[in-house]
Structures are given as C-alpha cells and as structure tokens.
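Enquirer: In case you want the letters, here they are:
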Amino acid sequence: MDVRSQIAMVFHLDKCIGCHTCSISCKNIWTDRTGTEYMWWNNVETKPGTGYPTKWEDQLNYKGGWEVDGSDLKLKSTGKGRVIFDIFHSPTQPSMDDYYEPWTYDYQELFNAPEGDDQPVARPLSMVTGEPMEIEAGPNWDDDLGGSPIYAENDPNLEGLDPIERKQMFEIERLAFFYLPRICNHCMNPSCVASCPSGALYKRGEDGIVLLNQERCRAWRSCVSACPYKKTYYNWSTGKSEKCILCFPRLETGQAPACFHSCVGRIRYLGNVLYDADKIEEAALRPDLELVDAQYDLILDPNDPEVQAAAKENGIHDSVIDSARKSPVYRFTKEWKIALPLHVEFRTFPMLFYVPPLLPVMSKQTGDTVQIDNEDLFADIEKARTPISYLGKLFSAGNDGKVRYALRKQYAVRLLRRHLTVGDIDRETADRALNEAECTEREANAIYKLTSLASFKDRFVIPPMQREMAIEMIDDPHERRQAAGFGFTVGPKRS
Amino acid sequence: MNEFLLFAVVPYLSMAIFFIVTIQRYRQRKFTYSSLSSQFLENKQHFWGSVPFHFGLLLTLAAHVGAFLLPSWVLTWNSVPWRLFLIEITGLALGILTLVGLINIVMRRLNNSKVRLVTTIGDWVVYGLLLIQVATGMGIAIFHGWGSSWFATSAAPWLWSLVTLQPDVSTMAAMPALVKMHVLNAFVLIGVFPFTRLVHVLVVPNHYIWRKTQVVLWNWDRKSIRNRG
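Top line first, the protein sequences correspond to chains A and B.
Going by this note's numbering, the letters in the first sequence line up with residues 983 to 1477, in that order.
Going by this note's numbering, the letters in the second sequence line up with residues 8 to 236, in that order.
The following block holds chain B by itself, in its conformation from the complex (with noise of 0.2 Å):
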C-alpha cells in the first residue's frame, strides 16, 4: 500500500498539479513565465554553470524519455557488450556534466553578491531538488549499473502502466532505495515545477526558426481600408 501511495497517488497529484498550474499559470501570469537570466550581472562564471548543466541535463532526460518510448529498442542496442558499455560510459559521463554545471551554478548565485539579489527560496528549492535528483542518478549510475537495461524492463512497464491508468507498482517495489528516492524526487520536481523558474522551459522559442525574420505589427488592416476605397 506504501509503495502504490509512492509510485501511483504521488504522480498522478504532481502531475495534475503540473497541468494545471502551468495553463493557469500561462492564462493569468504571462508576464512571469521565464527563467530571471542573470547573465547581466555576471557573466564569466555563468558560462561553466549554465551551459554543461544544460547540455548535461537535456541529454539525460532525453535518454530516459527515449527508454521509456522504446524500451524494446534499447534491449536489442544493449544485446551487444560494447554498445552496452558505450550507453553507460556517455551516461555517466552526461550526469557528471550536469552535476559539474549545476555545483557551478549554486556556487555562483552563493559568491555574488548581485546574483544572490536575484534568486529567491523558489530558486534555492529548485536547486536543492536537482541537486538530489542528479546526485541520485549518479549513485545508481555508480552502485546499480547497467540501468539502462534494467529501466526498460522494470521502469518503463511501470510507466506504461501509470499512462494506461493501470498503475502496477510490483516493479517498482522490488526496486533498490536509491532508485526509489529517484523517482520520488522526480515527481516532487514535476510537481513543484508551474511554481518556478523552471516553465521556462515551456516557452523554448522554437517558432523562432520558422517565422519570418522582420516582425511587423499593424494596428489596423490595411486590407480593410483598401476596400473601403
């Protein structure tokens, strides 16, 4: 009963509170809807912060996106030893890339004095909950090789099983305590993410490369006033 309360009532209420919070949020509160950039007030530091967390963290979580997609996939990839070897050195390697950027990060927004003006508690949660996340990951990375295997075998069907509202938590609950904390923490992040700096993600500019370069805005239709004549 633990275990289904862990690994089926906490995600189902972290991601409702996501959807809704982030449209509400959208819906009343645009004007907050972005990361507070503080490159402005310093601008070395944040190169060895922003940019390997970033890079580190995006590549991660597209790995686990693309294991929970196509588990089947990932089994056949890792049936040959070096592929294997191959998928667990770049994992390890992208976490420690992520945890480089991120020790940057909060050591920058602790040192400076301007930045440190422009971070609030929800930014120091935030920071405090990936720290947890990636330090986790690490560990299992570190003490429960071969995750990449397992994850599509346990972790994917378990899943699967939450998107198909058939929650089964067996695979979950034969889990070692490290990955459980993983998952929790998980959830956690998605559901405290509406409340952060984190929707920035939601708003990645990606019309920017396929709208027209010069962007012109006419307060009346010109059209319209042609035919009138």
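Just chain A, with the same shape it has in the complex (with noise of 0.2 Å):
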C-alpha cells in the first residue's frame, strides 16, 4: 500500500447557475497574457453542447487518454515508439480553430471616429495579430443552448442515446440543459504527463496537484493531445504549454482557489483525500462499466488505523491525516456515492467528482401542492427531460445505475426537507423514498447541510501543505546565515 495524499474537488451541479463567476476570477488572475488570451483553465459548459474546446469529448478526433490494449494501459495520442515520428508534427493536436480566436475591440473608435452620418461602431480586432477580424466562435458559444441545432445535437454524449429520446431532447417544450463548469481535474493517472516527452509535466507527491514546469517544456506539445479534457494549453507567444495550477499558492497560504472562493452557487467543494498509488494501474484496466466503482476502492478510508499508518509510514503529516477525515470530498464520493467522475473511461481517474443534476423538477402540481406517485416515487428521475442514459455518458462510463443510485438519493433528500419544512408531504412518504435510496435520515441530514447550509470552513477544508517542513528538508534554514545577502542563492565570495 501506497498511501499518499491528494487534493479533491466535487462541483455539486444542482447548484450551479452558469455565471461564469469562475471562469472571469481564473481569467483575470492567470490568463491575460499575451498568448493565454484564448485559455480558460475554468470554462463553463452548457450541456447538452459540444464545449470548449469544440466536441473535446470526441476522442474519436482528438485521441486524448488512455485505452487498454490487451493487459497494457496505452495512451491514445502517443508512444514510445510513437513520439519519433510524430514529433515534427502532432496528429492530434488541436489548432487556434478549435479553441477560437481571441478578439477585443476597438473601443477608442468610438470616441475619435469623425463626425458623419453614421454611429461609429467598435470593431473586433483581433488579440493575435491586431488585426480586424469576423468572429466566429468563443469559448461558450452555444451558451444556454444557443444554436443548438449546430451546437448540442452535435454533442457527442447523445451517440447512443435512442433516437426518440434525442429527438425529444430538442423539443421545445421539453429543452432543458445544465452547465458544466470545467477545471483541470488533476487525475490520479495523468495522461498529460505521461505523455511530456521533456518530463516538464508533474505531478507533486505531496498534494497530487498537476504542474508544469515551463523551464523544461520543450514545446513538443503531446499534453494537449492527450489530455482527454483538453486542459493544458499551448501558449502560442512563450512556446510552452500552461495549466490550471489549482491556484497553489492560494491553497500554499490556507486559501481556496480563485474559481473556488468566487463561486456564487457554492457549487464548489474541496479537500484531500487519502488514495493508495500501488493500485492504480490495476484499477484502470478495468472495464468501462467498473471504472467508479474502481475508483472508489482507490480512495481510502482515513478513518481507518491501517489507512493511517501506512500513511504515517509514506511521510503524511498527521495534520494531513486529519484534514482528510474532514474532507467534504471524501463524504460526497465514498461515503455518500452521489459524486461521480467526469468520463470516467478516459482512464485517468479525474479528482473533479460532480454531484449529477436533478433539474428540472418534474413534479405534477394542482392546485397548489405537488404530487407525488405513491407507486413508484422515482418516476419523476425516469421521465426527467435530461435522460439518465444521457448523464451515465458524462459520469459513469455508461453505468448509469450510479447516476440513478446519485439521483434517488438527492431526491429522497429534498422529500424529507420538503416533509419537515413544508409538511405536504407525509412521514411515511418520506422515510420510504429514503429506504428506496439507500439512504438513513442521518445521512440525508448530513447531505442536506453540506449541500445547502456549508460554510466556507466545510466547503473548503485545505490541509496544511507542510511547505516549511518541506523547505527545511531541502535546505538547511542555518546554512546561508550570515554568508549571503538578499538576491544571493551562492555566497558572495570571489572563489
């Protein structure tokens, strides 16, 4: 057993109302750089759509994670044999096209233009070549399902969906879409840097957080092809690919990251989870329907004496230990089972677990109370206007037994709120749909305050990141006393 620490997150979608909040904090912190102008470490999707960059689910096109070939774990994109040849030119790799071209306007056209007969306008320029330029496409296009006809009926989570149920899904009466906010998911398994052929790629030991060193990355750019959520970018301007950094140094001073602390649905969850390294390859093997389940067993108790030990015994602080046994990350995945992975099948174990949404409400109302079937109380999930085939594609690898088991539960969620606040809705009901959901009324309460009435404290549980330790490790704090002054890494002798 491998026991090592890793920095979790859950995106409860219920909650997410698509402002995009996120993606402007991460934009205005890390990428206003010339040649990160079309980067968004954080996008928001809409889904049903094809995203950002367009149909990056398609792996079909961009060949990105990993696929089992016979007993071997092989990434899609690229080889050790591989890399030769498609050095001078990447196969897969996505162009400026497939993102879109970042544009501003001239805004001063509006003061200086010369008096005429018409209103001056600010015409896009491009933040490439300055030039002025036709805009085809951004980064959240098809927001709210805008031109969806070209946009989400291309959405490549619908191949396999029967096509009535498609055709239904566009039907005005019954169009419904969520969002889909999007970071680096920081994977167990990372195929990005699997993939560097300069090893700039990392990940750090002590917190699983995915980096990128840019003083060894060598422009070869295989990251952006084989990351399957395409979440490292190329920066055309330095010649080095960026990503997410998970706002290190925020989470380095006990802070949330950016996206995290702006989010205005308090959609946001995060803290370590303890896993064990020894087994992920094992795990990955495993057939598409098993993969949450796999992944599952990969996180480890911390409640568990053994757990703790072995993870004594890899160097993890017992702060560390204890921050783990308070992560909401640890509740809402292997406690609670009703956060799942985005895409599992991709292989690289993603730490981003997302709560499915339960939108919208397919209550019958009369008059001015809800009805509920007595029959069969999770009707309403079964005939939701977003098919649970539909979001099985997203979190579960087809399995969408996990996605129901997820559902039931946060619906018997909100008929035990509904019963004790609203009271239309009896005791017995209650208690029923929480016996269907496997689901005890302690649990449903624990899941009700952590998804509605979470401070900043729950929602964001950062363990100490052990970085003065770390630091004293590498250098000895007494070593430069009285040798150097500030900006001197050598002493300032001439021999």
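Source of the hints: derived by calculation from the structure; they are not laboratory data.
Any given hint could turn out to be false.
Result set (DSS-like, lysine-lysine): computed pairs, CA atoms no more than 30 Å apart in a straight line [claimed, not checked]:
#1 A/K1261 / B/K219
#2 A/K1045 / B/K51
#3 B/K51 / A/K1062
#4 A/K1037 / B/K121
#5 B/K51 / A/K1056
#6 A/K1056 / A/K1037
Covered stretches of chain A, as calculated for chain B (at least 3 residues, CB under 8 Å) [to be verified]:
#7 1102 to 1116
#8 1191 to 1199
Don't be surprised by glycine CBs; every beta carbon is placed ideally from N, CA and C.
Can you join these two chains into the complex? Each is in its own frame, and there are hints to help.
Expert: Right, dumping it as structure tokens:
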C-alpha cells in the first residue's frame, strides 16, 4: 500500500447557475497575458453542447486519454515509439480554430471617429494579429443552448441515445440543459504527465497537484493531445504549455483557489483524500462499467487505523491525515456515492467529482400542492427531461445505475426536507423514499447540511501544505546565515 | 592562404562559437531552449512543410556523418555500380524531399499572418542559410555526381585533419566553387546555430524512451521523514 494524499474536488451541478464568475476570476489572475488570451483554465459549458474546445469529448478525433490494449494501459495519442514519428507534426493536436481566435474591440473608435452620418462602431480586433476580424466562435458560443441545432445536437454524449429520446431532448417544451464547469482534474493517472517527452509535467507528491515546469517544457505539445479534457493549453507566444495550477500559491497559504472562492452558487468543495497509488494501474485496466467503483476503491478510508499507519509510514503528516478525515470530498464520493467522475472511461481517474443535476423538477402540480406518485417515488427521475443515459455517458462511463443511485438519494433528501419544512409530504412517504434510496435519515441530514448550509470552512478543508517543513528538508535554514545577502543564492565570494 | 582561412580558420571559429554559446545559453537562458512551434496557429500546411523537411534533412545529415566516420566502408559499398547508383538516387531524393519541405515552410511563414507574427529575424536568417545549403547540395548532386565516393576520398580526410588538429586544406582547395560554397555555408550554419531556434535539436526528448510513465516529484524526502520517527 503506497498511501498518498491528494487535493480533490466536488462540483455540485444542481447548484451551478452558469454565471461564469469562476471563469472570470481565473482569467483575471492567470490568463490575461499574450498567448494565453484564448485559454480558459476554468470554463463553464452548457450541456448538451459541444463545449470548449469544440467537441473535446470526441476522442475518435482528439485521441486523448488512455486505452486498454490487452493487459496494458496505453496512451491513445502517443507512445514511446510513436513519439519519434509524430514529433515533427502532431497529428492529433487541436489548433486555434478548435478553440477560438481571441478578440477585443476597437473602443477608441467610439470616441475618436470623425463626425458622420452613421453611429461609430467598435470593430472586433484579433488579439493575435491586432487586425480587424470576423468573430466566428467563442469559448461559450453555445451558452444556454444558443444555436442548439448546430452545437447541442452534435454533443458526442448523445450518441447511443435512442433516436426518440434524442429527438425529445430538443423539443421546445421539453428543452433542458445544465451547466458543466470544468477545470483541470488533477488526475490520479494523468495522461498529460505520461505523454510529456521532456518530463516537464509532473504530479506533486504531497498534494497531487499536476504542474508544468515552464523551464523544462520544449513545446512538443504532447500534453495538449493527450489530455482528454483538453485542459493543457499551448501558449503560442512563449512556446510553452500552461495549465490550471489549482491556485497552489493560494492553497499553500490556506486560501481556496480563486474559482472556488468566487463561486456564487457555492457549488464547489475541496478537500484532500488518501489514495493507494500502488493500485492505480490495476484499477485503470478494469472494464468501463466498473470504473467508477474502481476509482472509489482507490480512495482510502482516512478513519481506518491501518490506512493511517500506512500514511504515516509514507511521510504524510498527522495534520494532513486529520484534514482528510474532515474532507467534504470523501463524504460526497466514498461515503454517500453521489459525486461521480467526469468521463471516467478516459481512464485518467479525474480527482474532480460532479454531483449530477436533478433539475428540472418534473413534479405534477395540482393547485398549490406538489403531487408525488405513491407507487413509484422515483418516477420523476426516470421521466426527467435529461435522460439518465445521457448523464450516464458523462458521469459513469455508461453505467447508468451509478447516476440513478446519486439522483435517487438527492431526491429522497428533498422529500425529507419537504416533509420537515413545508409538510405537504407525509412522514411515511419520506421514510420510504429514504429507504428505497438506501439513505438513512442521519445521512440525509448530513447531505442537506453540506449541500445547503455549508460555510466556507465546511466547503474548503485545505490541508496544511507543510511547505515550511518541506523547505527545511531541502535546505538547512541556517546554511546561509551570515553568508549571503538578499538576492544571492550563492555566497558573495570570489573563489 | 585564402583557402586556409576558409577551410581551417572558419571551421574552428564556428565550432568554438557553437560550443561556447550553446552551453552558455543552456545554463543562462534555458527557457528559450526550444523551437517555437507554430502548429497551433496553422495546422494543415504545417504537415507538408515540417514532416518532409525534417525527415529529408535528418537522413541527409546522417548520410554525411556516416561518410565522414566510415569513408572506407562507403568506398567498398560503392565498388559495385548498382549500389553506387542506389546511393546517388537516394541522396537526390532526400534532397528533393528536404527542399520541398523547406519551400513549404517558408511559403507558410510568408503567407499566414498569424504564423508570420511569431517568425523572428533569426528564423529568416536560418531559413535563408538552409535554403542556400540545400540548394547548393542539390546542385552538387546534379552537376558533380558520385559525391558519395569523392566525399570519402577528399572531404573526409580534410574533416579528419581538422579533428586531429593538423589542418590540411589541400583536398578542399581543389574542389569546385559549388562544393566550396556548400561547405562554407555549413560552417556558417553551425556558427549561428546556438543563437537561433536550431537549438531545439539539442533537447530532443530522448529520455522519454526509458523514463517511467508517470512523473511524481516530492518536495520532501519521504525516507528521511520516516527515519525521524
């Protein structure tokens, strides 16, 4: 058992209002430089939709992630032999057209235009060339189902849905969508790291954050192709790839990452989990339908004394283990099983989990009361506008049972709360719902609390990152006493 | 004396610049040690430039180095006529491949406004020198045939005389102008090499072949923590 600690995340999609505040706070801090304008380390997509970059989920085209080849796990886009032939021209690398060409507007024109018959207009200017341009696409061009016949209907997740179901999704009366905020998943088995020919990408041992060393990056761009979520980006100006760093400078000072901190809907949760690094490969080789369970199995119970002992043996500090015990991520995933990994079939084991959305509510209303079908409490879920099989494609590699379980539990929690607060649902119905959803009242209350009432400290349980200790391990703090002044790393001596 | 300047002084000078500056740049400006890929800005024409150019150039270069290291082996191989023809034809084909790739690269850089934006003066110098190099090389292949044989008997001894620090330029002095240009331009290329994007040749990711799949870096030494108890 090789126990490691990893910062993991949960996004509660039922609470996401699609305001893009997360994207903006990230953009303002990290990606407003030349060459990064087109990058959205955090972006919010409308589902169904084609996303950003366009159709990123279509791995027949982009070849991201891993595939099982007999008893081996292989990268789809590259490999030790193929890298030699693909290095001069990466066959699977997306180009700027797959994202969009960033632009600004010629605002000065509004003030400086000479007097004329027409109102002056601010023309769009390319942020690459500075020349006037025609805007053809943007990072959330299909926001709120905009242009759905072109975008939403080409969502790769709709493949495999039966034609009637598929057609119904786009009938105007039934139209439904939800938001999918995406950042780097800081995967357990990152394909970007495995693909980097220069070894510039690495996973930090202490907290699992995946980073890219700008000094070592040599612009081979393998990571861009290999990441199935398309969350590493090539900076065309510096010739280096860049990616979400999970705001590690903030985390190391005990603050939540900017996108987490600014989230209006409070949909985001962060905490560390302990996992067994020895079993990753074995788990990644399991068939599609078992992958969610396989990933849950990798996450270890931080209350288990055996796990704690193994963690200590591996140099994980007590305070970090303690933090794992309070982690909201552990509760959402292992304990309650209502948060699922996005596209686990890419086999990178993303450490960002999503609580699948229950909306829109399809209850029958008569007068002022909501009618619940007593025969089958969960009919609503089956008849929901967004088919379970669609959610299953997104969050459980086609294992719809996992999504159904998560939705039923959430639904049961709602019924219980409805009973307790409004009172138009009787105790018996609520109890039966809980029973059928395999959820105790205690658990339901805990879910309700963490979902609806959670404070900043409940949502973000940031482990002490032990930087001070780490520095002392590498450098003796007394070593440079009386030897070097500010700015010197080597003593100011001539010989 | 003039020949001595061109074929003994210039080579040593350019090699000196090459070694000093590549090492200095790697130590002080490691961030710049790569070729600024423009595939992201233009993805289609890129293939028809980069791929033929790189394969053509690398194989041609390998042939030159091979003939320099094993001249006697080349002469033995060439003693049978069909083998000589084969090597001549292959050389010419690789030259054409390189030239086509290079022309495509230059045209792409000229025509695409986004790619032009990330092209520096240094890049244009490199493309100019490479064009001269490939064009003179093609000229030699066409007008001064059987190059693989006379390279082994004339150019290789001269290069070895440089390596052994006993420069003897007599064989080079007797060469036609086209050959002299080709050789001289090669050493100019080596001299400008460390100042340009060409340095990416030196950081080819060979260690990828044998490194572990995943890279995990620890800020602290887990073993020493364990031993502290």
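Enquirer: Determine for every hint whether it applies to the structure shown.
Expert: Checked hints:
1. This hinted pair checks out: A/K1261 and B/K219 have alpha carbons roughly 16 Å apart, not beyond 30 Å.
2. Distance restraint check for A/K1045 and B/K51: the Cα-Cα separation of roughly 18 Å lies within the 30 Å cut-off, and the hinted pair is therefore satisfied.
3. Taken as a hint, the B/K51 and A/K1062 pair is honoured in the structure, with Cα atoms around 25 Å apart against an allowance of 30 Å.
4. Using a Cα cut-off of 30 Å, the hinted pair A/K1037 and B/K121 holds, with the two alpha carbons roughly 24 Å apart.
5. Between B/K51 and A/K1056, the direct Cα distance comes to roughly 27 Å. Compliance with the 30 Å bound is thereby established for this hinted pair.
6. Between A/K1056 and A/K1037 the CA atoms are separated by roughly 22 Å; this keeps the pair inside 30 Å, and the hint holds.
7. Coverage of the segment 1102 to 1116 of chain A by chain B holds in this model, with 3 residues showing a Cβ closer than 8 Å to a Cβ of that chain against a need of three.
8. Only residues whose C-beta sits within less than 8 Å of a C-beta in chain B count toward coverage, and the segment 1191 to 1199 of chain A has 3 of them, enough to reach three; the restraint holds.
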